[in-house]
Every structure is written in C-alpha cells, then in structure tokens.
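Just need the whole structure built from these sequences, with the hints factored in.
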Amino acid sequence: DTEVTQTPKHLVMGMTNKKSLKCEQHMGHRAMYWYKQKAKKPPELMFVYSYEKLSINESVPSRFSPECPNSSLLNLHLHALQPEDSALYLCASSQTLLSSGNTIYFGEGSWLTVV
Amino acid sequence: KQEVTQIPAALSVPEGENLVLNCSFTDSAIYNLQWFRQDPGKGLTSLLLIQSSQREQTSGRLNASLDKSSGRSTLYIAASQPGDSATYLCAVRGAGGTSYGKLTFGQGTILTVHP
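Just so you know, the protein sequences line up as chains A and B, in that order. Using this note's numbering, read the first sequence as starting at 460 and increasing by one per residue. Using this note's numbering, read the second sequence as starting at 5 and increasing by one per residue.
None of the hints are false.
On the chain B side, residues computed to face chain A include the following (Cβ under 8 Å): (1) Y35; (2) N36; (3) L107.
Quick caveat, the hints were computed from the structure, so don't treat them as lab data. Computed from a predicted structure; not experimentally measured. We put the CB at the ideal spot given by N, CA and C, even for glycine.
What follows is the structure, given as structure tokens:
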C-alpha cells in the first residue's frame, strides 16, 4: 500500500474562517510534506516534518500552521487566508528525509478556494 | 539555489512513437532524482527514482537515465499510448546548501499522445 490520503478533496472557505486540511499515511514513513500547487505550475514546498518534528519551513506565512500529531498524520491549519492562497494543496511522505533510496509518495490533493 | 529545467514544455506525438523528455539541474549535490506524472486536477504519481549513485532505472516502457556530473536526466517512453498523456515532472532532492533535503521540481512537460 503506497497510499497517502488527503481530506477534504475540495474546500471553500471565507477569509475569516478557520479550517484544516488532513493527511494520513500508513506506510510507516517518518517524513511528511506539504506542497502548494497553483494552476500550470510545479508544486512548491511549504513544510517538512521529520520524525514528527518540523524540519523545514519555507518562510510560509503564519496564516498556515502545520501540525504533526503522530507519525501517520499531518494537518495544515488555515486561518485568515487570502484569495491568492487558493490552490491545490498536496501532502506527501517518504520513509525518511535524507536517504537516496526514498521514493516520495503524493496524495491526490485538497483543492482550496478562498472567497 | 537548485534550479530544474525541463525541455520541451509541451510535446504532441502520434500513438506508437518513442519519445524523450529532458531534465537538467544546476547543482549536482543531489540525493536522487524522481520522475512523476500528473493527470489534470490530480496528485503526482511516482514513475521512477534514480539514486545519485545510479545511472538508469527502468519500469515497463519507461527508462530514465541520470548523468549527475553534467546535471542531466532523460525519461524515455517507448511505444507511446494515448493513456500516457499527462504532465511529466522531474524533481531532484538536494544534498547540500539551501536545497538540503528539499525536492525541487521542474516546470513539467505536457505530453499529448493522439490516436
């Protein structure tokens, strides 16, 4: 099983709302990632967790708040977003962060629209 | 900072043709290189991973090569089919500097295989 599951698939939220995106994997992976992808662009790294600790934050605005409650779950808490934050948010995982043999697996993504 | 370039940006071929997608990267300090495909509105599917010490990997009709010293990779697709139509993304995982541990993507090649 190489599945990364993301919920919800679609989310519409107002600029004053608080919502969360969720990601789950049961492959025993210890590195988990959040990427943002705008239309016709490649994914851009937002956050990386390694062994449930935040390892990389790509200077993401504080209105995005990641959380890794355990080794299988990754959340992205959203608050006071802007319309330009509308995008496909992709979660990914790999066995570890720093190994040449680790394939990174992506979920199907959560489509976020901020109105 | 690692930069990844993919050529061509788009490719349209008749069914049955063999084709080559190109990827180049500026910093040879990498852990690995991974090829993905992305269907419209979907997540990324991993196709092949080549470790930094390897020269090529094969899976079915796909063959990927890596020349780390020159910063180049190619994805060869044999006997293309309409179902191969998708965006193909190349990504490298950095092993040094500001790209350490990060997966950097190219802009992608949009492939259309027509019957």
